[in-house]
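Going line by line, the protein sequences match chains A and B.
Read in order, the letters of the first sequence correspond to residues 1 to 202 in the UniProt record's numbering.
Read in order, the letters of the second sequence correspond to residues 1 to 220 in the UniProt record's numbering.
These aren't lab readings, by the way, just hints derived from the structure by calculation.
Honestly, I wouldn't trust all of these hints.
[Stated by the list, open to error] Calculated lysine to aspartate or glutamate pairs in the EDC-like style (CA-CA distance at most 16 angstroms, straight line):
1) K60/A with E181/A
2) K126/A with E56/B
3) K72/A with E164/B
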Amino acid sequence: MSGDHSHGHDNHLDDMTARVMALETVLTEKGLVDPAALDAIIDTYETKVGPRNGAHVVAKAWSDPDFADWLKRDATAAIGSLGYSGRQGEHMRAVFNTDDTHNLVVCTLCSCYPWSVLGLPPVWYKSPPYRSRAVSDPRGVLAEFGLTLPEEKAVRVWDSTAELRYLVIPQRPAGTDGWDEDRLATLVTRNSMIGTEEALQP
Amino acid sequence: MNGPQDLGGRDGFGPVAPEQDEPLFHADWEKRAMAVTLAAGAMGHWTLDESRHAREDRDPVEYLSSSYYKIWIMALERLLIRHGLVTQDELAAGKPLHETAPPNRVLKADMVAAALAKGGPVDRDPGDRKPAFAVGDRVRTRNLQPTGHVRLPSYARDKVGTVEAVQGYHAFPDKSALGDRSAAEWIYTVTFDAKTLWGDRGRDGDAVSIDAWEPYLDHV
């Protein structure tokens, strides 16, 4: 937010910079928002809440059968026990990939996404190409992410139409026997927890 | 509403284009847009459902050609004006010009961590209301065509599926979007065979689930 971008010849982004600055200024001067609170919100999603949270959940589920069982029964509480809760994660559901079923999460109506475990969604998740076709052509969408599923494996798509937020638990890769949670978490990508790819191979 | 947000099953948008090493924000204004939207929402003058409706209730050309955070800002401006907190001429001037409605509350910096960690749960006490459907029930979604807010995607209207889970008793967005914070309904995960939704484009064995409130469903 540097410089004076209020001139009439600005491009699109600069128009938005000016528009948001004007809005924030009006709200701040009216005492409706606290600029330091905005800084704190940004810092939360830039440095504290992101896909490492979800990777921790998945790695623990891979390592601890009791935790995995809890995650199946009450994902909100199980995830909350690791310290991940709150906005856009108030009502969590964990869906487990198996040998028979691959899970894929979308929000066709807007951009619902489990912020508490994955942070803010990537642009592609919020954009029409993914939102339109994840439900009608999930295998085609997966192929665009480089994932081709076996014919016999079923695809289950979860359209997040309400306040339930879905976290995919990918399958634990072979060759990871004896790995601890921290090491396992390095194999868990954001996309594997949306369902557009599998966990990394060791 | 049958608006531009209801994208499930639409064709023609082209392939998904994941960005390598995508930054969290693509411009500094996006950071401020995200944060000011959350902070303004925390004043408590509108529900999340009303803000969703403010984003989707617009010309499809504008919706589909605007970036994500631009839509957030356009919706936020609309909400602030609707609720009497700012005026259009103030936004144009970039400074306060009038006495406007006081906020219900203001989110201060030292409240942010707790507020985000708490979020906004939507589960409500059902009292003596019992769920009308049970796991395994066959249900048909209603052919709802309201001009207001609704969370039943058009591709899943008037379709037969199976109740997979009773998920709780949650705030009802169709009414919450109008400011009715007391309205709540039982909510269910309903699963449809892909072929039920997509005809020959669907694959045997594939399925799509939605979460649907009780007023969206009938027994088959």
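Consistency of the hints with the structure:
| no. | hint | result |
| --- | --- | --- |
| 1 | K60/A with E181/A | holds, 6 angstroms |
| 2 | K126/A with E56/B | holds, 13 angstroms |
| 3 | K72/A with E164/B | holds, 14 angstroms |
The structure agrees with every numbered hint stated previously.
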